[in-house]
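Asks: As given, the protein sequences belong to chains A and B, one line each in that order. Just so we're aligned: 175 in full-length UniProt numbering is position 175 of the first sequence, and the numbers increase by one with no gaps anywhere. Just so we're aligned: 254 in full-length UniProt numbering is position 254 of the second sequence, and the numbers increase by one with no gaps anywhere.
Note that these hints are calculated values from the structure, not bench results. Check each hint, because a few of them may be wrong.
What the hints assert, rightly or not - Example chain B residues on the side facing chain A (calculated, C-beta under 7 Å, incomplete):
| id | residue |
| --- | --- |
| 1 | 171 |
| 2 | 173 |
| 3 | 186 |
| 4 | 263 |
The beta carbon of each residue, even a glycine, is placed where N, CA and C say it ideally should be.
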Amino acid sequence: MSAVEIKNVGRVFPARRGGEPTVALTPVSLDIAQNEFVTILGPSGCGKSTLLRIVGGLDDPSTGEVLVNGIRVVGPGSDRGMVFQSYTLFPWLTVAENIAFGLREKGMPKSARDGVVQDYVRKVGLNGFEHHWPRQLSGGMQQRVAIARALANDPAILLMDEPFGALDNQTRGLMQELLLDIWQSERKTVLFVTHDIEEAIFLASRCLAMSARPGRIKADVPIALPYPRDYHLKADPTFVDLKMRMTEEIRGEATLVA
Amino acid sequence: MTTIRRGRYLRPLQPLPGAAKLAFGFLFFALFVAAWGAATFGGFVSPLFLASPLRMVQEGWSLLTEYNFSYDIAVTIWRVVGGFVLAAIIAVPLGIAMGAWKVVEALLEPFVSFARYLPASAFIPLLILWAGIGETQKLLVIFIGSVFQIILMVAFTVGQTRRDLVEAAYTLGASDLGIVKRVLIPASAPQIAETLRLVLGWAWTYVIVAELIGSSSGIGHMIVDSQAMLNTGQIIFGIIVIGIIGLVSDFLFKAANRRLFPWSLA
Ligand SMILES: Nc1ncnc2c1ncn2[C@@H]1O[C@H](COP(=O)(O)OP(=O)(O)O)[C@@H](O)[C@H]1O
Ligand SMILES: [Mg+2]
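Required output: the full structure, derived from the provided sequences and hints.
Replies: Pasting the structure below:
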């Protein structure tokens, strides 16, 4: 069974007073298999976040429906973890408490939570920072906590909306490798939105290119590069070819909105 | 380095070193007292209208030693704190409910906004009719003066909670009630505490007004008595005591907030 089935999902934002309605997403259909790492690439404003938020249950589609493991999405739930571009750690909770948030909502006792938290603190390389406040962390560290927080809940699907978009290039590269490591050991289905072509190819087992607004999927490209991947891959000729190809796909779209 | 130092006090937004900040704070108090002293000792103002600083201190001392003024101070503090705590107990939960649930807001917001503009002091005659001139009446004045302000300010704070934090909590499996208890409330707590600090300051205004009318104890009562005897020294001493209590309570509130919400400090 597909992990995620997106069936004819479209979104029109109703008109504000005196304006036109915004067609953010023309109906999109898409099947995502278990354990796939799908990246969605597109110029800004093309409806990537809208699509991801609909899968996450944070927004309702105007048409169509989303099935996650065969069950229709009607709202947000802990089966779909989400990492946002903005820093969304709870500032009043420490790193450890942030990671434990979902487990606590589920009613898991503290003793059991602690073990899971320790495990994920280690996986994202934040040993020693358990008792720090979010404001004491760099952007990259905050996003690592956000990833750990989403994963600790053991969701079937991880939804990521430009999670590294605000990071500098070096940190971004490291975070990409970290995410791939975790993905390989945890075997989650990942839906990852980005406007960075290199990032989209480097991470993906399958890369989707979206057209400019109103968004639709205009290319669906399997990325057959072997895992594990590290930064050397970015200089590989196959990678460079793919990058050229995706650039062509995106270029025309970007000029429409630039 | 010297080029950076030059004109440091003129550079916008440039923070001052702690010692300088303290010194400037004291300086203005000193200037104030100096101007007051010059006006009174210099004979520019009749002692009938304005006592000199020295006279004020003497009067204050006699108030404390002979007239048991510390009892009045304690009574006034008790009234402010009592009325204020009552208001907070009712207003904070209501404000949170109003901020969190739009139905509650739709129901209460218009009324509370209206009630907020009713001056607490205008209620005094009515409250005297209802509750006499005892403590209940004093507490009610402060209660009425504070409760609507707190409700509205808390509701606004809670309503302003970052949406992305709420959404993140939902994707982590939080229920609606979980969002209120474990996102909206902790996210708003520092600002709610700040609101309480502010409103406590206003409550001081109401208590004095309540004590000016129909009262047999309290700082306000002393001030009215002193007016009858044209003792401006005592009046000024009373006012200054209020100011000092205000400063101290503000300081305590700020210290408590720093301790309670270490995460919210920059
Ligand atoms: N809540 C909303 N109300 C109205 N228009 C919206 C709303 N959210 C997004 N949009 C519009 O929908 C389009 C797609 O937005 P979004 O999905 O955020 O794009 P992306 O994530 O690809 O940059 C944009 O034109 C945006 O202005
Ligand atoms: Mg977006």
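Asks: Check each numbered hint from earlier against the structure, then list the numbers of those it violates in ascending order.
Replies: Of the numbered hints given earlier, the structure breaks none, since each of them holds.
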